[in-house]
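Place chain B on chain A using the hints.
There are 2 protein chains.
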Amino acid sequence: MKLKLALLLACSQLFLKAQNQDSILLKKIYNIYLTQSKCYSNLEYLTTKIGPRLSGSKGAAEAVIWAKKAMYEAGADTVILQPCMVPHWERGAKEVCNLTSTKLKLNIKLNCTALGSSVATPANGVKARVIEVKSYDDLSDLGEKNIKGKIVFFNVFFNQAHIKTGTAYGETVKYRSKGASNAAKYGAVACIVRSMTSVADDEPHTGNMNYDTTICKTKIASIAISYKAADVLSESLIKDPNLEVFVKTNCKTLPDEPSFNVIGQINGTSKTNKYLVAGGHLDAWDNGQGAHDDGAGVVQCIEILRMYKLLGVKPKYNVRAIAFMNEENGLRGGEAYAKFAKENNEKHIAALETDAGGYTPRGFGVDTTNNLYNTVIKWEKLLQPYYCERFTKEGGGADLIALEKLGVPCIGFEPDTQRYFDIHHTAQDTFDKINKRELELGAAAIGALLHLLDLYYVPK
Amino acid sequence: MKLKLALLLACSQLFLKAQNQDSILLKKIYNIYLTQSKCYSNLEYLTTKIGPRLSGSKGAAEAVIWAKKAMYEAGADTVILQPCMVPHWERGAKEVCNLTSTKLKLNIKLNCTALGSSVATPANGVKARVIEVKSYDDLSDLGEKNIKGKIVFFNVFFNQAHIKTGTAYGETVKYRSKGASNAAKYGAVACIVRSMTSVADDEPHTGNMNYDTTICKTKIASIAISYKAADVLSESLIKDPNLEVFVKTNCKTLPDEPSFNVIGQINGTSKTNKYLVAGGHLDAWDNGQGAHDDGAGVVQCIEILRMYKLLGVKPKYNVRAIAFMNEENGLRGGEAYAKFAKENNEKHIAALETDAGGYTPRGFGVDTTNNLYNTVIKWEKLLQPYYCERFTKEGGGADLIALEKLGVPCIGFEPDTQRYFDIHHTAQDTFDKINKRELELGAAAIGALLHLLDLYYVPK
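Residue numbers (our numbering), protein chains in the order written: chain A, 34 to 493; chain B, 34 to 493.
These are calculated hints, taken from the structure and not from any lab test.
One or more hints might be untrue.
Claimed, not checked - Short derived list, chain B residues pointing at chain A, Cβ under 7 angstroms:
| # | residue |
| --- | --- |
| 1 | N64 |
| 2 | I196 |
| 3 | T200 |
| 4 | E204 |
| 5 | R452 |
As the list claims (entries may be wrong) - Sample of chain A residues lacking proximity to chain B, with all beta carbon distances greater than 10 angstroms (derived):
| # | residue |
| --- | --- |
| 6 | K181 |
| 7 | I271 |
| 8 | D455 |
| 9 | L474 |
| 10 | L488 |
Glycine is no exception: its CB is placed at the ideal position from the N, C-alpha and C atoms.
Looking at chain A on its own, in the form it has when it is part of the complex (with noise of 0.2 angstroms):
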């Protein structure tokens, strides 16, 4: 009994002292993502100087170049340009939605955006009346008699009850993307959407759309008008139904580019094939400066490569810190990088993605499987201080559904969400709305994430 007891105190104190010892990294690792970190002189070069980078744009070939010296200069033993082709959507001239009223004598400008890979309406625009509904029930109650001929306006609120903002953007955003073809089946000649955003202001929010043939053959062309301008719309829809509504947009989809994932690597100790990795998107929308969405999070991951030459200690795994391109329009990066992984058989023990918005850290989402949510569930303690300890159950993000079907355990970074969805996609997404000392702590936050994973991780 006495020898149990001796061992049992052992044990804790065994324990306790892995514990403490663990708070000292983490107050390290803090230590120099507040004090020494580069992401906010790097997010600043790359929005301020570089800017809006689409993939297959000049932004974006120069954002390519610019990452790979980033992550060099970050620490990286080795920085890989993966090659992926990637489309090409150019937003020409400006886009322009007049609405013009013969009864309440109105001629006013919409603040408007063409979609992402949206066609142009004909070279002389179209002008039509225009059909309100809130929902694609609306649109299949009111049929083909009542669309034929007309612009369909998708007048969808978010939901400001919900707590987090992207509930409400997931709740809205199916008509940004699907609201044309949908559209078109009965007959409507172009589609605008109210812009989904938090906030009733005056800016259009951009962000891509697909036509889906099996909806729809033809194409129409998609549109997002301001919050400020769709109440227009709508509150002049009800004076005079028989309104109309002029849009002429230029965009036009050109042959593929070829562009590249750019990838920073520290060589891990045990010399395996086996990787941790962490990931942003390097590409955004041309009217912003893509700072929250996602310049944030390519400069928090190269952030990792910093940390481990700060550290002086080198990871178990290779740990890469991904850039990843084309995660607005198409998604190309993020599969032709578990193409690659899964042709190399390289091992990803876990991928993390952080991808909403450089805001004050709240906590991660964390996938299920290969015990990974077992795993990190028990640093919620540890993360505690650092005012990111809230780990739900799902991970993961765009640029990782490819890994993630290859059976790779995935984390989102999560962030507050409250201010996120006021600047998504548009003029507004610019540097200026960083805060240092948030994005910082965010970068803190998935530094020291991955490095614990690197040090107590066993998958299944």
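Frame of chain A; chain B shown alone:
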């Protein structure tokens, strides 16, 4: 045994039902706040139509009238104007701080602000050599022989390694509050402090100072210079220790003025002299709009009155929203409130303060006295879906100090701290820095907690 089991089962089912009812109640409260609240538009009015409102100023008097009206509009049964005499300090003409060095051929303007309650420099200003210190220990080490006739410059940075910015503020604010008296003790002719800030910009941060006549009877002028100006001064001092700085301030302290706390009350159903109160402060520094500090707190508390109106229920206790006067430079409002409470035998069940900005909620600091902490900690799970479940063991805030001394258990609302000290006490504390959802979520957390206390809190 069977009976026991049945009882246990019945009890646990009752418990689950109660929990479920509380979840439904909280959802209802949050829905109200996120879809029907007026705190954002109220704050817009207070900050942009009234603006600066330092105690004794015209703005403060206007704010009192506005708060009374806003409280009635929100649904108060009664609004009390509770008189208190407040200090009346005026900045006068804009301050000047110039650095000149013949050796370095420099003549630079340093962005500065007089500290609240400071005396002015002599009418012609003071021009003197500067001695830089990092602490009070530095000051006593240097002694009168090195300090006499010079300007003392407290060049103390925020420690960015702290996770909560308030910790760094707590470490440095002593130089703002008592730097002048400590410097004057050794014969200094003026006092300059590096602005208390997280961000490396050119904005000077004001804030109150006090002359401590137990340290030194002489009162010297005291100013803060911006982070960047402090860098310039410090770097220049290395190159030319004989450089001179000219300081001219024009502030004065006038006789005390009559003012008011504004108290909106919902009468409780129990018809006792018992109170649950929540307050922020109505006064704000003269250089900005007092949006986060503390217009946000005031409008959040006013929203409690509307919450009860929209819920269609009455609290058991009398519930009060308090707009305290004179938090910034005197705490006279907080003191007057406690004095009146005592004189009128008002039993305060608990008191909450919100004065840390209108940022995204994190949780509450809660006093451990009178069973308060033990009560609220049980609501951790209940508040988790609202991201406001962190309870730490110390409550209150400056305006509640006097109540706390009477034995009232206090709570401090704790939003995320990262951005607060970027704009604290500066011209940048303006309405455009407020995010509507963050403000409303803070208000909802406060309202929800207060209502839960009314329903369930049993003081010891």
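- Find the hints from earlier in the document that the structure breaks and name them by number, from lowest to highest. Structure breaks hints 3, 4, 8 and 9.
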